[in-house]
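Based on these hints, arrange chain B on the given structure of chain A.
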Amino acid sequence: MKQMDLFLIMCRSLTHAQRSLRLLEHNGIVAAVVKAPQELRSNGCGYALRLYRHFEDAVRVLRTGGLLQGKLYRQTADGQFEEAV
Amino acid sequence: MTIYLDHAATSLLKPIGVSQAVSNAMRTMASPGRGSHRPALRAADTVLDCRIAAAELFHVEDPEHIVFTFNATHALNLAIFSLVHPGSRVLISGFEHNAVTRPLRAVGADVRIAGRRLFDRQALIDEFARAIPGVDHVVCTHVSNAFGYILPIREIAGLCRKHGCSLIVDASQSAGVLDVDQRELGADFIAMPGHKGLFGPQGTGLLLCGREGRPLLFGGSGSDSRQQNMPAYLPDRLEAGTQNACGIAGLLAGIRYVKEVGTAAIREHETKLLRYMCSRLKKDERIELFRGEDETQSGVLSLRCRGLDSETAAGMLGEKGVCVRGGLHCAPLAHESAGTLETGTVRFSFSPFNTEEEIETACSRLREMLP
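One line per chain: the protein sequences are A and B, in this order. Mapped onto my numbering, the consecutive letters of the first sequence carry residue numbers 1 to 85. Mapped onto my numbering, the consecutive letters of the second sequence carry residue numbers 86 to 456.
Heads up, a few of these hints could be off.
[As the list claims (entries may be wrong)] Quick look at which bits of chain A chain B covers, simulated, 3 or more residues with Cβ under 8 angstroms: (1) 15–25; (2) 28–38.
[As the list claims (entries may be wrong)] Label pairs and their computed distance ranges (CB to CB): (3) B:Ser108 - A:Gly66: 33 to 43 angstroms; (4) B:Arg246 - A:Val59: 32 to 42 angstroms; (5) B:Pro124 - A:Gly28: 23 to 33 angstroms; (6) A:Gly28 - B:Arg123: 16 to 26 angstroms.
[As the list claims (entries may be wrong)] Sample of chain A residues at the chain B side, in silico, Cβ under 10 angstroms: (7) Arg12; (8) Arg41; (9) Ser42; (10) Asn43; (11) Gly44; (12) Cys45; (13) Gly46; (14) Tyr47.
To be clear, the hints were calculated from the coordinates, so they are not data collected in a lab. Just so you know, even glycine gets a beta-carbon here, dropped at the ideal spot from N, CA and C.
Just chain A, with the same shape it has in the complex (with noise of 0.2 angstroms):
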């Protein structure tokens, strides 16, 4: 069976992260705020929502409520994380 895809999307800070989890679950889209890896932040500790479906749709709804600031990414086979467009 094919792994699910893990995507993350960043957010600059917990209060944001948590407005746009409240807006993806509003919109049907099941999310999850993580601390953000290390290696994606390059000013130290931060937050990302985690998907693993409706990465797309998730993708719109934040960009359509003014809440998409941050990076996109998703992680390959190997476990590294590529930038998502």
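Only chain B this time, still in chain A's reference frame:
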């Protein structure tokens, strides 16, 4: 029976949900913004809920512009030190608290005072209109903590817009009682405590930010940790150190109560008690009441007892189980404006949880002890 009438200092009588929320938070919540485990996220959810509830109550467009503080004094210091520089020309009313005047003195501002006649809103507007040209900033209370005088804050905000100066509002006595509308006022900052009209625990306060502020405290924010400057964005920029999650949980319960009951109903009840108390005391020649019209006075009543010092009178009332505050109420400027600087006043302040029976008893105990 203890009768608590010192809500202008701290609302001791609170909705039952407040202490339950604090207790629940102490048992289940960790530090928001310091981890992604459930206790931390539970705390973070509560903190966000409180930001959103406050944003709704005070008509702040972006909940991230709600900053948690320790109290209104902390919030006012943040606002004043963000905007005011040495030599800045600052216009204040004659009814400001030391939480405004002391930081202005500390920063070295050039302070001018306008509007010193108690309960005379039109005179205050006229004096502000004359004094505001050339002013950099206005710092003004919405309600005098010493006298309950409701200042014409909408008109003052209009003058600030007209003359292009910034506005800081001290909503310490109005938050939760009067309509405080950031969208309408367009203030740069509105400061308020959580532990008075919003019924949160002590150690809570709010700063509504109409612009980015300058930090007073520097430290961990749970974000951008490699950077040695505080984050550039709100609320993290102004919230260094561990949050008072338990206090904020209680504050959330308090704000929800205010939203449910409504500020109009709260104000109506407090005005009713104010009227009732005045009706019981106005004929007693031993008592001097400081009473405006209903529309110019909130649920705070100051009085003087002839032949009895205000601190002594408040102390005697305390011994009889009536909890009030005497003296200058940390607002010597307000007392100077009202002509009560040398004597102070005895201040009675009401809440939605007080009753006419309590007011009746307090009046009786006051009359009994007068010479």
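Now the hints, each set against the structure:
no.	hint	verdict
1	15–25	holds (count 5)
2	28–38	holds (count 3)
3	B:Ser108 - A:Gly66: 33 to 43 angstroms	holds, 37 angstroms
4	B:Arg246 - A:Val59: 32 to 42 angstroms	holds, 39 angstroms
5	B:Pro124 - A:Gly28: 23 to 33 angstroms	holds, 27 angstroms
6	A:Gly28 - B:Arg123: 16 to 26 angstroms	holds, 23 angstroms
7	Arg12	holds, 6 angstroms
8	Arg41	holds, 8 angstroms
9	Ser42	holds, 7 angstroms
10	Asn43	holds, 4 angstroms
11	Gly44	holds, 3 angstroms
12	Cys45	holds, 4 angstroms
13	Gly46	holds, 6 angstroms
14	Tyr47	holds, 8 angstroms
Violation of the numbered hints given earlier is absent; every hint is satisfied by the structure.
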